[in-house]
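A.B. asks: Each chain, letter by letter, is given below.
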Amino acid sequence: MAFWRKVLAITRKDIISEFRAREIIGLVLVFVLLVILIFNFAFGAANEVISKTAPGMLWVTFAFAGVLSLNRAFIMEKEEGCLEGLMVAPISRDIIYAGKMLSCLVFLLVVEVIALPIFAFLFNLNVFSGEILVITLLSTVGFVACGTLFSALAVKTRARELVLPVLFLPIVIPVIICAVKATGLAMEGKSWTDITNWLLIIGSFDLIFLVISFWVFSFIIEE
Amino acid sequence: MRTSYLRGLTVLGLLLMLAALYMIFVYVPTEATMGAVQRIFYFHVPLAWLAFMAFFIVFICSVVYLVMRNPKWDLVASSSAEIGVIFTSLFLISGSLWAKPIWGVWWIWEPRLTAALVLWIIYIAYLLVRSYVQNKEQGARLAAVVGIAGFVDVPVVALAVALWRTDHPSPVIFEGGLAPSMLYTLLVCITAFSVLFLVLLLLKLANKDIESEIKQIYKQLI
Amino acid sequence: MTDQIQAGPQDFAIEANRLYKSFNEKVALKEVDFKVAAGESLAVFGPNGAGKTTLIKILASIMNPSSGTVLINGLSARGEAEKVRRQIGVVTHNTFLYNNLTAFENLDFYRRLYDVPRERILEVSALVGLQNRLHDYAGILSRGMQQRLSIARALLHKPGIILLDEPETGLDQQASDLLWQVLKNNDKEKRTLIMATHSLERGLQVADRVVILARGQIVFQGKKPDLDLAGLKQAYKLYTGVI
Chain A
1 MAFWRKVLAI TRKDIISEFR AREIIGLVLV FVLLVILIFN FAFGAANEVI
51 SKTAPGMLWV TFAFAGVLSL NRAFIMEKEE GCLEGLMVAP ISRDIIYAGK
101 MLSCLVFLLV VEVIALPIFA FLFNLNVFSG EILVITLLST VGFVACGTLF
151 SALAVKTRAR ELVLPVLFLP IVIPVIICAV KATGLAMEGK SWTDITNWLL
201 IIGSFDLIFL VISFWVFSFI IEE
Chain B
224 MRTSYLRGLT VLGLLLMLAA LYMIFVYVPT EATMGAVQRI FYFHVPLAWL
274 AFMAFFIVFI CSVVYLVMRN PKWDLVASSS AEIGVIFTSL FLISGSLWAK
324 PIWGVWWIWE PRLTAALVLW IIYIAYLLVR SYVQNKEQGA RLAAVVGIAG
374 FVDVPVVALA VALWRTDHPS PVIFEGGLAP SMLYTLLVCI TAFSVLFLVL
424 LLLKLANKDI ESEIKQIYKQ LI
Chain C
446 MTDQIQAGPQ DFAIEANRLY KSFNEKVALK EVDFKVAAGE SLAVFGPNGA
496 GKTTLIKILA SIMNPSSGTV LINGLSARGE AEKVRRQIGV VTHNTFLYNN
546 LTAFENLDFY RRLYDVPRER ILEVSALVGL QNRLHDYAGI LSRGMQQRLS
596 IARALLHKPG IILLDEPETG LDQQASDLLW QVLKNNDKEK RTLIMATHSL
646 ERGLQVADRV VILARGQIVF QGKKPDLDLA GLKQAYKLYT GVI
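Protein chains in written order, with my numbering: chain A, 1 to 223; chain B, 224 to 445; chain C, 446 to 688.
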């Protein structure tokens, strides 16, 4: 399992680095809080309004948080030419993809796991069900599967910070549609059977993009 | 040889278009429920079909380009994407023109229109990515990746939007059976637009050839 | 842990055949052809934009040539990329170091990618004289120390071939001296060295052979006993000044 050892070496390196710098997670959490605040003022605090818009607010917040943290993923490798250092090593390109994707997954999940209770607290909503956690996990995998790919792509272009969201957000719309729907149903207390359809779509998205990204990643980072 | 081929195709396209126009405005009877506005359908549907074909071509050419690295494939891909974006824009506009008189609003979140909007954005991003990269070859490679990711997303977008729609029923632009005369008209229109697409694609490719020739000459002069 | 794969019937550690590389319409390398024997040191000189970095990147298998081939110990860089990279160590003016990680953690990270045992970290840091600074963050080390750490990183997997792309950039005299000393010492292992550098003096000191690159082509080749610094300077002025 040399493949996974090396993948985890990259993930581990990213996690240690982020733990020291605290750039991504800290800022993204503050951002999440701000977005929630703005939504609150934008939509008013009436209870009926909140229960209708909560799933949407949650997922817009997560999508934007995703964009912020995914942007950082490859920008950090541009410093000191570290991406070249990775490319010179005797590792296949998909190891780089998998390593970065897993670290993005970890970061995003940490942000979401912290944001969910904040959401619950501020809006007095039940977001702690198993259903919502599964929805969040599956959707986040979808986000990072294609987000990591586009992050590597964006870092090669001139308008880096803008290219990622312009590519990422439209492609990830099906995940957002399904996540919002499923989250809404889960908040209403519906059972698993009701949300299965939505989860299946998210799941297929995840699968499709994991496979495609593994194949196509090397074409992006070669010079 | 290519020029005469193109010329013949253009003439064919012109004839087909005239036939289509005749069929749309003279031959086919007015539809019962929606009235004259319904005739937009005969433009609307072929546009969608061809936009999809255009993006399918982008997908195939992107894959082949990544494997073979022959810039000709990339040229076809970008040309096809440009035409696809135009057709999609027209699809969206025609949908709008259809919605306004019938339902009184400029836009309805109908599954097909919604999905088309998402794809429209994805393929505009495809075209933009090229201009944001200095190295042309790298730009082609990155665009190819977007072309593949975008097309692969199409079924998922369609599925998600369709499922979402069952929860938010909204007026649908068109459903139901087709009378034979409508079917014939539709078929003629699809054929006419297909030929139009081909003509536009070949013209674009010829254009790009000339562009690179000019660049070469310019380089030699300085 | 293989130190160096024994070269087969081909005696050359590095063979570049008719390398051609173009970006858009700009030609970066043209008709670049050379062979380097195992244990030999080759210095590549040339003005900015001559194609030195492009050449190193192609040899390191980061970049593919538009046409032509590169053979490392008889293996094709394109076909067996991972095997090839295992035999190469690369040092450039970028250090490949993560500033938030300590020197030790940086080396630990790379040694995992190269499948190298932990003990090697201490060994290579001793080789470059950084064994006492292992627990300092890479970001706070001086530029000279960072470059030495970068060399340590390149030596982790005991590569038989080392590629250098202007490693002395940004170093002051003292640090530069130290750097070249470290490189020369490793000559004891008789590694094959290819270094792209601006410093004619240093390059000539360390190398057995030199090559001058200008506008993507090799315009001059010379060998040590026949060539001295004055001659090299003259050739450089002649072949790059005119072109």
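Among the clues, some could well be false.
[Stated by the list, open to error] Okay, derived cross-link-like pairs now, EDC-like style, lysine to aspartate or glutamate, Cα gap no bigger than 20 angstroms in a straight line:
(1) C:Lys-471 - B:Asp-432
(2) C:Lys-528 - A:Glu-188
(3) C:Lys-475 - B:Glu-360
(4) A:Lys-78 - C:Glu-611
(5) C:Lys-528 - A:Glu-48
(6) C:Lys-668 - C:Glu-460
(7) B:Lys-442 - C:Glu-460
Since the hints were made in silico from the structure, they are not lab data.
A.B. asks: Output the indices of the hints that this structure fails to meet, ascending.
C.D. replies: 2, 5 and 7
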